[in-house]
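Since chain A is already given, all that's left is putting chain B on it; use the hints.
The residues making up each chain are set out below.
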Amino acid sequence: MTMSYRSRATWDRGGRRLGRGMIAVPAILLVVLIFGPLVYSIVLSLYKWQITDINSGKPFVGLDNYVRLFTDPQVLNAVLNTIEYVVGSVGIELVLGFIIASALFEMTKGRKLANSLILLPMIIAPVITALIWRYMLDPQFGLVSQVLALFGVKGGVPFFGSSQFALPSLMLVDIWQWTPFVVLILHAGMLGISEEQFEAARIDGAGRWRILRSIVIPGIAPQILLVLLFRTMDTYRIFDTVFVLTRGGPGTSTETIGLYTYQTGFSFFNLGYAMTLSVFILVTVAIISGFYLRLLRRREVFQ
Amino acid sequence: MTAIPQPKRKRARRDAWVIACYVVIAIFLVWVLVPVITVAVNSFKVPSAIFTSTPQLSFTPTLENYAKVFGELNFAQYLVNSVLVAFGSTALSLIFGVPFAYALARLPIRGREWWARIILFSRMVPAVALVVPMFVLFNQLHLTGTYWALILAHTTFNLPIVIWMMRSFFEELPPELEEAALVDGAGRFGAFWRVAVPLASPGMAATAVLCIIFSWNEFLFALVLSNQDTETVPVGVSSFIGSVSIDWGGSSAAAIVAIIPIFILGFAAQRFLVRGLTFGGVKG
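Protein chains in written order, with our numbering: chain A, 1 to 303; chain B, 1 to 284.
Bound-form chain A, shown alone (with noise of 0.2 Å):
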């Protein structure tokens, strides 16, 4: 539709200036905006910069930033915990999510409630849904804990209290708020299937399983690429349960890459450091989401 418009006497000069004018003001807005702290970051993650030491100044030191980032124990632990949290909220979304997904989908009553209430956890505010889990959770008072006790677990678990289980905690709290959106996500896929795949395959006298795995999951192949880029490039920069819920603790158990970079600049006010590690997340999320990308416009998603 749009082609036909273009083609005809519509490329006229008048229109190309409106264009120029209407891209140039947001798009020097986007430079200020996104793209100059972008640059302003590369520029002084070659800058010691310790704002805690008045005298030293602002030193150029070249690389020497770099050389720290890829021999820093606390990054590796920081990316390996980030890794970590990423893989196991976002495949136990994906599973759990194609599971309601697919008996959503068989429903033929009250699906459009179920909808509605399924979408709230992911419009709550992320501190806010930190509050809702540390008082689930609390080992003494907490409703999961009083639950527990009542099948004999007694004395009450410290979910964020200690090392072994913070982290899958936080990645609980991930999984409680974003399993709706892949439900509501692969639900649309599987709504975008149409009827007469379903009809030739029962004709065909396919049973459910053989249904799921010929139709339904080829069918909704963008939509799970779909998932996992949103879900990997939002756990990739979990900051505020993290640091709402844990500061990184016990220990450096629960430390991400994004809270780590946050206490450098402003727990420890190294901000030259703190530049470089946000060189690296902004390196490390355009490699993944290139690769997302990359396989999401050969099934013609975002062209």
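Simulated from the structure, these hints should not be mistaken for lab results.
One should not assume that every hint holds.
[Said to hold, decoys possible] DEER-style ranges, computed between Cβ atoms:
1. A/G219 - B/Q228: 49 to 57 Å
2. A/G290 - B/P47: 19 to 27 Å
3. B/L177 - A/V147: 52 to 60 Å
4. B/P202 - A/G192: 21 to 29 Å
5. A/R299 - B/F263: 32 to 40 Å
6. A/E199 - B/V34: 36 to 44 Å
[To be verified] According to the in silico footprint, chain B covers these stretches of chain A (three or more CB under 8 Å from chain B):
7. 111-119
8. 131-139
9. 290-302
[Said to hold, decoys possible] Residues on chain A that point at chain B, a partial pick, calculated with CB under 8 Å:
10. G14
11. L18
12. M22
13. L44
14. F181
15. Q223
16. I224
17. D240
18. Y262
19. L271
Glycine is no exception: its CB is placed at the ideal position from the N, C-alpha and C atoms.
Relative to the frame of chain A, chain B by itself:
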């Protein structure tokens, strides 16, 4: 005629399957709703009713916690700040984003693909990678602690969303109407301003609601770039959790106050929520 029993058995199996599906959904809804309901119930309890070894279902509801939230915790200030930042950032994003989206959708511009990719990339840039350089830059400009700092910071994620969402809404409009306006001598800008924008206004409303939700919920920028006078709701709530002895009733009430406007907006825009969250990847 005599072959009926077999399909019957099949149908019974099918019914069992459907019932299982309803059970799965019911369990999931319980899991989704119980935490929110628990906090809502706690917000009406006095401390002695919260700190019990077994969950208490019967209690005398009190509004004490809510009085405290607006009294000594001064939550109204956080709400005002959040509203100002959310509306400011949404307005700014719409003013700049809508024309950009229209140009991408309809006007003969160079490098369309290139622009689309830049916008997509800016959605992927995480706040943690921006917040450190932005803090330094805003400090030098003496913006830190002002509403402008937060409004501009929130525009980094709202502007790409507006551009991408509105582009898809403009593309869905039938081009004939704008062409008719052109024939009537409206000019390209007139076709945009008097025809396309009013037609896309439902989409614009949905986009605005999404921006408000994202801004309302944002934490990291608000934490770093605000001062005592400009702290938003999430920063206020986080300060309750951080303290050693948490006021369960008070913070629960604060959480409920923060959630209610978002639930109302979320339901209003629910048809577009997934579209916004997936950057138009799912039209829904």
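Query raised in the report: Going through the earlier hints one by one, which of them does the structure break, listed in rising order?
Result: 2, 16
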